[in-house]
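Q: The chain contents come next:
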Amino acid sequence: MLKTHYIEKTLKPESDMVDITSDLEDIVRKESLTNGLLFLSSIGSTSAITTAEFESGLIKDLKNTFTKLFPFKKDYSHNATWADDNAHSHLRSSFLKTNFFVSITEGKLDLGTWQQVILVNFDTKTRNRKIAVKVLS
Amino acid sequence: MLKTHYIEKTLKPESDMVDITSDLEDIVRKESLTNGLLFLSSIGSTSAITTAEFESGLIKDLKNTFTKLFPFKKDYSHNATWADDNAHSHLRSSFLKTNFFVSITEGKLDLGTWQQVILVNFDTKTRNRKIAVKVLS
Amino acid sequence: MLKTHYIEKTLKPESDMVDITSDLEDIVRKESLTNGLLFLSSIGSTSAITTAEFESGLIKDLKNTFTKLFPFKKDYSHNATWADDNAHSHLRSSFLKTNFFVSITEGKLDLGTWQQVILVNFDTKTRNRKIAVKVLS
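Chains as they are written, first to last, in the working numbering: chain A, 141 to 277; chain B, 141 to 277; chain C, 141 to 277.
One thing to keep in mind: the hints can contain errors.
Claimed, not checked - Calculated cross-link-like contacts (lysine to any residue; reagent style SDA-like; alpha-carbon spacing at most 20 Å):
no.: 1; chain 1: A; residue 1: K203; chain 2: B; residue 2: P211
no.: 2; chain 1: C; residue 1: K208; chain 2: B; residue 2: L209
no.: 3; chain 1: C; residue 1: K213; chain 2: B; residue 2: K270
no.: 4; chain 1: A; residue 1: K248; chain 2: B; residue 2: Y146
no.: 5; chain 1: A; residue 1: K208; chain 2: B; residue 2: N219
no.: 6; chain 1: B; residue 1: K203; chain 2: B; residue 2: L151
no.: 7; chain 1: B; residue 1: K143; chain 2: A; residue 2: E171
no.: 8; chain 1: A; residue 1: K270; chain 2: A; residue 2: D159
no.: 9; chain 1: C; residue 1: K149; chain 2: C; residue 2: E165
no.: 10; chain 1: B; residue 1: K143; chain 2: A; residue 2: L209
no.: 11; chain 1: A; residue 1: K208; chain 2: C; residue 2: L209
no.: 12; chain 1: C; residue 1: K149; chain 2: C; residue 2: S172
no.: 13; chain 1: C; residue 1: K214; chain 2: B; residue 2: S196
no.: 14; chain 1: A; residue 1: K213; chain 2: C; residue 2: N204
no.: 15; chain 1: C; residue 1: K170; chain 2: C; residue 2: W254
no.: 16; chain 1: A; residue 1: K270; chain 2: A; residue 2: S162
no.: 17; chain 1: B; residue 1: K203; chain 2: C; residue 2: N219
no.: 18; chain 1: A; residue 1: K203; chain 2: B; residue 2: I199
no.: 19; chain 1: B; residue 1: K149; chain 2: B; residue 2: N268
no.: 20; chain 1: C; residue 1: K270; chain 2: B; residue 2: N175
no.: 21; chain 1: C; residue 1: K213; chain 2: C; residue 2: E195
no.: 22; chain 1: B; residue 1: K208; chain 2: A; residue 2: L209
no.: 23; chain 1: C; residue 1: K248; chain 2: C; residue 2: S172
no.: 24; chain 1: A; residue 1: K248; chain 2: A; residue 2: S172
no.: 25; chain 1: A; residue 1: K270; chain 2: C; residue 2: T245
no.: 26; chain 1: C; residue 1: K208; chain 2: A; residue 2: Y146
no.: 27; chain 1: C; residue 1: K143; chain 2: B; residue 2: K203
no.: 28; chain 1: B; residue 1: K152; chain 2: B; residue 2: K200
no.: 29; chain 1: C; residue 1: K200; chain 2: C; residue 2: F212
no.: 30; chain 1: B; residue 1: K270; chain 2: A; residue 2: G247
no.: 31; chain 1: C; residue 1: K203; chain 2: A; residue 2: W222
no.: 32; chain 1: C; residue 1: K143; chain 2: C; residue 2: R169
no.: 33; chain 1: C; residue 1: K213; chain 2: B; residue 2: L209
no.: 34; chain 1: B; residue 1: K270; chain 2: B; residue 2: N175
no.: 35; chain 1: A; residue 1: K170; chain 2: A; residue 2: Y146
no.: 36; chain 1: B; residue 1: K152; chain 2: B; residue 2: K203
no.: 37; chain 1: B; residue 1: K143; chain 2: B; residue 2: V275
As the list claims (entries may be wrong) - Residues of chain C placed beyond 10 Å of chain B at every Cβ, according to the derived structure:
no.: 38; residue: I147
no.: 39; residue: E148
no.: 40; residue: K149
Just so you know, these hints were derived from the structure itself, not from any lab.
Just so it is clear, CB atoms sit at the ideal spot from N, CA and C, and this is done for glycine as well.
With the hints as constraints, model all of the structure from the sequences given.
A: Have a look at this one:
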């Protein structure tokens, strides 16, 4: 009953974001959904999915907030474990989370006019991000 | 298979909160649900849904925490984009999120005694907030 | 159609964490799921579910971040309400949240290699934590 789709996006390092609302609308069209739910799982522990008004000012404010609340620091314990530099990326992902669902009514995503679904890459490298989307109708 | 209900609440500005647990229990009763899931989508990018013990002390602590972590500031970039004042409202919503589900077992919401589902209006204006609720059983 | 499982874990106070990925994999096996969704509800308002790379360095970083963003303070209003000491536990739970879903494709959880599902006990006491898991296939 559940169909599976995938969304793949290449994102730059350090909180690069992409609006995936139109990718979700494509799935709604392809599946001819009128009433349903899309369950999104971002695979990996240094990314996140949330909603935001996707405009350049707010994108900048979000990035500054990530930096303020979960700053890059070389001396996180996770960085020592792996001689790595992305502990802050993991912390941001755990707080924002990698699962998200969107419901569909009369063929439209239940979102506000200024509310987009966004994918964030918190990692310190360019990453190809993959989202599994389960379609329930 | 999925039924759609709506919950609408008028909330005052700046992190006004309402306990919507009894609205969800009404849906459980109307639909005679014994085993199921309710999927809540708060439509709009300056609100959020989460769980909390809904008592006046904790409500005050939550509001103080929103202010501390995501303070009002006139000079956010989003405010410059729209000559607006609600960038902090958007940031809070993206962090807390607008989607939430609650499961139902033997006709009861799977919540603790001191755990209520709450809707928050982060906007700087009084807003009529609308939640789409998909019922799966 | 929805089956219900429970995961129970005894966790120590103050952000003790446990990796519950293998508990979820057990449910996938028992139910012979190839394609589906698991909906997790942590019952209680001082716990949370999220994903993280479950290694000792990152666990330490997460705990430090909880302390930094939502510090223990005796003088929260919630503590005055109940002559209690766990207001910070509630705040952390509301921010991280108690609901989480994981999708399953070809019999495997849609998670990355370094991405585990973790349960956190934020309370100031040792607690037996119960998660209701609804299985949708």
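Q: Confirm or reject each hint.
A: Hints versus structure:
{"no.": "1", "hint": "K203/A <-> P211/B", "verdict": "holds (15 Å)"}
{"no.": "2", "hint": "K208/C <-> L209/B", "verdict": "holds (11 Å)"}
{"no.": "3", "hint": "K213/C <-> K270/B", "verdict": "violated (35 Å)"}
{"no.": "4", "hint": "K248/A <-> Y146/B", "verdict": "holds (15 Å)"}
{"no.": "5", "hint": "K208/A <-> N219/B", "verdict": "holds (19 Å)"}
{"no.": "6", "hint": "K203/B <-> L151/B", "verdict": "holds (14 Å)"}
{"no.": "7", "hint": "K143/B <-> E171/A", "verdict": "holds (19 Å)"}
{"no.": "8", "hint": "K270/A <-> D159/A", "verdict": "holds (14 Å)"}
{"no.": "9", "hint": "K149/C <-> E165/C", "verdict": "holds (16 Å)"}
{"no.": "10", "hint": "K143/B <-> L209/A", "verdict": "violated (39 Å)"}
{"no.": "11", "hint": "K208/A <-> L209/C", "verdict": "holds (11 Å)"}
{"no.": "12", "hint": "K149/C <-> S172/C", "verdict": "violated (24 Å)"}
{"no.": "13", "hint": "K214/C <-> S196/B", "verdict": "holds (17 Å)"}
{"no.": "14", "hint": "K213/A <-> N204/C", "verdict": "holds (13 Å)"}
{"no.": "15", "hint": "K170/C <-> W254/C", "verdict": "violated (24 Å)"}
{"no.": "16", "hint": "K270/A <-> S162/A", "verdict": "holds (16 Å)"}
{"no.": "17", "hint": "K203/B <-> N219/C", "verdict": "holds (15 Å)"}
{"no.": "18", "hint": "K203/A <-> I199/B", "verdict": "violated (28 Å)"}
{"no.": "19", "hint": "K149/B <-> N268/B", "verdict": "holds (6 Å)"}
{"no.": "20", "hint": "K270/C <-> N175/B", "verdict": "holds (18 Å)"}
{"no.": "21", "hint": "K213/C <-> E195/C", "verdict": "violated (28 Å)"}
{"no.": "22", "hint": "K208/B <-> L209/A", "verdict": "holds (11 Å)"}
{"no.": "23", "hint": "K248/C <-> S172/C", "verdict": "holds (11 Å)"}
{"no.": "24", "hint": "K248/A <-> S172/A", "verdict": "holds (11 Å)"}
{"no.": "25", "hint": "K270/A <-> T245/C", "verdict": "holds (14 Å)"}
{"no.": "26", "hint": "K208/C <-> Y146/A", "verdict": "violated (37 Å)"}
{"no.": "27", "hint": "K143/C <-> K203/B", "verdict": "violated (38 Å)"}
{"no.": "28", "hint": "K152/B <-> K200/B", "verdict": "holds (15 Å)"}
{"no.": "29", "hint": "K200/C <-> F212/C", "verdict": "holds (17 Å)"}
{"no.": "30", "hint": "K270/B <-> G247/A", "verdict": "holds (18 Å)"}
{"no.": "31", "hint": "K203/C <-> W222/A", "verdict": "holds (19 Å)"}
{"no.": "32", "hint": "K143/C <-> R169/C", "verdict": "holds (14 Å)"}
{"no.": "33", "hint": "K213/C <-> L209/B", "verdict": "holds (16 Å)"}
{"no.": "34", "hint": "K270/B <-> N175/B", "verdict": "violated (25 Å)"}
{"no.": "35", "hint": "K170/A <-> Y146/A", "verdict": "holds (13 Å)"}
{"no.": "36", "hint": "K152/B <-> K203/B", "verdict": "holds (13 Å)"}
{"no.": "37", "hint": "K143/B <-> V275/B", "verdict": "holds (5 Å)"}
{"no.": "38", "hint": "I147", "verdict": "holds (12 Å)"}
{"no.": "39", "hint": "E148", "verdict": "holds (14 Å)"}
{"no.": "40", "hint": "K149", "verdict": "holds (15 Å)"}
Going through the hint list in order, the structure does not satisfy hints 3, 10, 12, 15, 18, 21, 26, 27, 34.
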